[in-house]
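Which chain is which? The protein sequence lines are A and B, in order. At position 227 of the first sequence (counting the first as 1) the number is 226 in our numbering, and the numbers step up by one without a gap. For any residue, its number in our numbering is found by taking its place in the second sequence, counting from 1, and adding 137.
Hints in this document: simulated from the structure, not taken from any laboratory. The structure presented is a predicted model; accordingly, all values stated were derived computationally and were not measured. It is possible that part of the hints are untrue.
Subject to a maximum C-alpha distance of 25 Å in a straight line, what follows is the list of computed DMTMM-like cross-link-like pairs (lysine to aspartate or glutamate) [stated by the list, open to error]:
(1) A/74 - A/289
(2) A/210 - B/295
(3) A/210 - B/258
(4) B/326 - B/142
(5) B/326 - B/171
(6) B/326 - B/267
(7) A/210 - B/215
(8) A/210 - B/255
(9) B/156 - A/132
(10) A/74 - A/86
(11) A/210 - B/226
(12) B/326 - B/251
(13) B/326 - B/346
(14) B/326 - B/258
(15) A/210 - B/277
(16) B/326 - B/342
(17) A/210 - B/168
(18) B/157 - B/198
(19) B/326 - B/215
(20) B/156 - B/198
(21) B/326 - B/198
(22) B/157 - B/358
(23) B/157 - B/168
(24) A/210 - A/265
Cβ pair distances, simulated, as ranges [as the list claims (entries may be wrong)]:
(25) B/250 - A/282: 49 to 55 Å
(26) B/353 - A/24: 50 to 56 Å
(27) B/210 - A/34: 55 to 61 Å
(28) B/376 - A/190: 32 to 38 Å
(29) A/190 - B/252: 46 to 52 Å
Quick reminder that beta carbons are idealized off the backbone N, C-alpha and C, glycines included.
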Amino acid sequence: MAAQSLDMQDVAMNGTRANPNSAFRRLLAVIRELLGNPSSGFGLVVITILVLTAIVAPLIAPYDPNVIDLGNTLKPPSAEQWFGTDELGRDIMSRIIYGTRISLTIITIVSVIVGPIGLLVGTTAGYFGGWYDTIMMRITDIFLSFPSLILSLAFVAALGAGLENAIIAIGLTTWPPIARLARAETLTFRGADYISASRMQGASSLRIIIKSIMPMCLPSVLVRITLSMATVILTAAGLGFLGLGAQPPLPEWGAMIATGRRYMLDNWWLVAFPGGAILLVSLAFNLLGDGLRDALDPKQR
Amino acid sequence: MTAIDVRNLSIDLGYGLAKKRILGDVCFSVEAGESFGLVGESGSGKSTILRCIARLLNVWEGDIRLEGRSVNDMPFVEYCRTVQMVFQDPYGSLHPRQSIRTALQEPLRIHRMDRQVERMERALIDVGLDPAFLSRYPHELSGGQRQRVAIARALILEPRILLLDEPTSALDVSVQAEVLNLLADLRAKRNLTYLFVSHDLAVIDHMCERLAVMQHGRVVEVMSRDVLATGQAQDPYARELIQASLEYDHAV
Ligand SMILES: Nc1ncnc2c1ncn2[C@@H]1O[C@H](COP(=O)(O)OP(=O)(O)OP(=O)(O)O)[C@@H](O)[C@H]1O
Ligand SMILES: [Mg+2]
Chain A
0 MAAQSLDMQD
10 VAMNGTRANP
20 NSAFRRLLAV
30 IRELLGNPSS
40 GFGLVVITIL
50 VLTAIVAPLI
60 APYDPNVIDL
70 GNTLKPPSAE
80 QWFGTDELGR
90 DIMSRIIYGT
100 RISLTIITIV
110 SVIVGPIGLL
120 VGTTAGYFGG
130 WYDTIMMRIT
140 DIFLSFPSLI
150 LSLAFVAALG
160 AGLENAIIAI
170 GLTTWPPIAR
180 LARAETLTFR
190 GADYISASRM
200 QGASSLRIII
210 KSIMPMCLPS
220 VLVRITLSMA
230 TVILTAAGLG
240 FLGLGAQPPL
250 PEWGAMIATG
260 RRYMLDNWWL
270 VAFPGGAILL
280 VSLAFNLLGD
290 GLRDALDPKQ
300 R
Chain B
138 MTAIDVRNLS
148 IDLGYGLAKK
158 RILGDVCFSV
168 EAGESFGLVG
178 ESGSGKSTIL
188 RCIARLLNVW
198 EGDIRLEGRS
208 VNDMPFVEYC
218 RTVQMVFQDP
228 YGSLHPRQSI
238 RTALQEPLRI
248 HRMDRQVERM
258 ERALIDVGLD
268 PAFLSRYPHE
278 LSGGQRQRVA
288 IARALILEPR
298 ILLLDEPTSA
308 LDVSVQAEVL
318 NLLADLRAKR
328 NLTYLFVSHD
338 LAVIDHMCER
348 LAVMQHGRVV
358 EVMSRDVLAT
368 GQAQDPYARE
378 LIQASLEYDH
388 AV
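Isolated chain A (complex conformation):
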């Protein structure tokens, strides 16, 4: 996810016909800058491990995550099963490894939906202004005035429980802050001379928005999306915990905590490991987002 978004960034920064060599070099420069700072380096490494784990999950998972072994339930961590087993005898480490696929799916789909919507709403509102801007911003205000977990809960309750609906609900609550940000950025650019110049050259509003304004908003929008991934992970886990997101037997981390809760006092490993995974990944996205902000800030170069 991180590598992919950096790639997008780079394509945009260099225009469509950028020479691939210089695009690649810029990507390397950004990665080097991220790794140079301990906290963003930590974020990048954790997220890279997350992506790799999700890709090769079947190869590295020691057991099948869904095989029930009732003779082997609630075993504490041991040399054979590092994270122990749950109430049905399933290997927790394997379930966490497969759970990366679910988290990654949620994150990817949410950012693919939310980025373009937020960018489009924000830049058009900022560029055209007037009543269109007013209407769009009142709509985002309505979304922003609810805490995102509560709003997702309402959507999932209306749509029905399940992973797909959880993704839709999270997407619906994640775009407004991005639209807000894109609008604010657009307002600072739309009076610039280079926009006036391209208008005088006959560029249509759509062309100006796509070719001149969006590339300028993209770095901060990317940073914002990365930062909101931390919230997305937490909301997805929260919905899973409440039984509204991924349904058992899917190895979703939040759902694992929800079932483990009943055995928590005597068998700490049922909640500690999925909880730790959620904490680690959402922390990593936060740190990476902060690092990206420094690395991509156009005002610093």
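Position chain B with the ligands relative to chain A; hints supplied.
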């Protein structure tokens, strides 16, 4: 033929109580092939006049004609190929994320012009830059080079009229002279019409045949260049301005 004819141009900007008359009944006209200067103190409305002609402001009253046709009646495509503008700040007028190639190619794509590569290279050579600059980005250029690129971009659609808003005031003095000479050469070669805004009477003296002196959103006097040397202006404010500039020249 008159290239630019501005009649009774007035504009109010701001909302509600802050609404203010920025230009009042501005009249002047510029012949084809002429270079016409606009001078006046800061805030007197010089840039505003250019922005009205450039159709970047649309709420004005009065009449602006280019080559005999009202700007509002001209089809936009034709309008773009008649008049272009060069902005004051070379750092703000080029898109920071677009290469020079993109900046020059955009207008060609919009107007579906042929032989695009040839035109782009020609445009850079005409402003004294190497075609290798095409793959550079604005932050890799000096201020003077950027302003040359901005001029190349304005000329790539082959307009007959160029609006210049203090094109050299952000540049170093030596670079300023180079860019002014470039502009003078281009005008002679292509028979362009210039509407040239500047603070600097010496620059106007060098570039323009006639000029208008502005104060508080009004044109107080239109005069020929010769008056700058003699200081024989009719209007007291214009006389004062020229006198101050002459004294400054002597002092330097
Ligand atoms: N959008 C706007 N709303 C309200 N007032 C404006 C607006 N734009 C410009 N003005 C006012 O219009 C007046 C003329 O501005 P303009 O930019 O045309 O001056 P200028 O002659 O170009 O000055 P300078 O030589 O400093 O560039 C100024 O007093 C300015 O404050
Ligand atoms: Mg001005």
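Hints and how they fare:
1. A/74 - A/289: violated (39 Å)
2. A/210 - B/295: Measuring from Cα to Cα gives roughly 23 Å; hence the hint holds.
3. A/210 - B/258: Between residue 210 of chain A and residue 258 of chain B the Cα gap is close to 22 Å, so the pair holds against 25 Å.
4. B/326 - B/142: holds (23 Å)
5. B/326 - B/171: holds (13 Å)
6. B/326 - B/267: holds (20 Å)
7. A/210 - B/215: Since the Cα atoms of residue 210 of chain A and residue 215 of chain B sit roughly 22 Å apart, the hinted pair holds (cutoff 25 Å).
8. A/210 - B/255: Roughly 23 Å between the alpha carbons, so the hint for residue 210 of chain A and residue 255 of chain B holds.
9. B/156 - A/132: Holds, because 23 Å separates the two Cα atoms, which is no more than 25 Å.
10. A/74 - A/86: holds (9 Å)
11. A/210 - B/226: holds (21 Å)
12. B/326 - B/251: holds (22 Å)
13. B/326 - B/346: holds (17 Å)
14. B/326 - B/258: holds (18 Å)
15. A/210 - B/277: Cα-Cα ~21 Å, so holds.
16. B/326 - B/342: The given pair, whose Cα atoms are some 20 Å apart, holds under the 25 Å limit.
17. A/210 - B/168: violated (37 Å)
18. B/157 - B/198: Between residue 157 of chain B and residue 198 of chain B the Cα gap is close to 14 Å, so the pair holds against 25 Å.
19. B/326 - B/215: holds (22 Å)
20. B/156 - B/198: holds (15 Å)
21. B/326 - B/198: violated (35 Å)
22. B/157 - B/358: holds (23 Å)
23. B/157 - B/168: violated (31 Å)
24. A/210 - A/265: violated (59 Å)
25. B/250 - A/282: 49 to 55 Å: holds (53 Å)
26. B/353 - A/24: 50 to 56 Å: This hint holds: roughly 54 Å between Cβ atoms.
27. B/210 - A/34: 55 to 61 Å: holds (60 Å)
28. B/376 - A/190: 32 to 38 Å: holds (36 Å)
29. A/190 - B/252: 46 to 52 Å: violated (34 Å)
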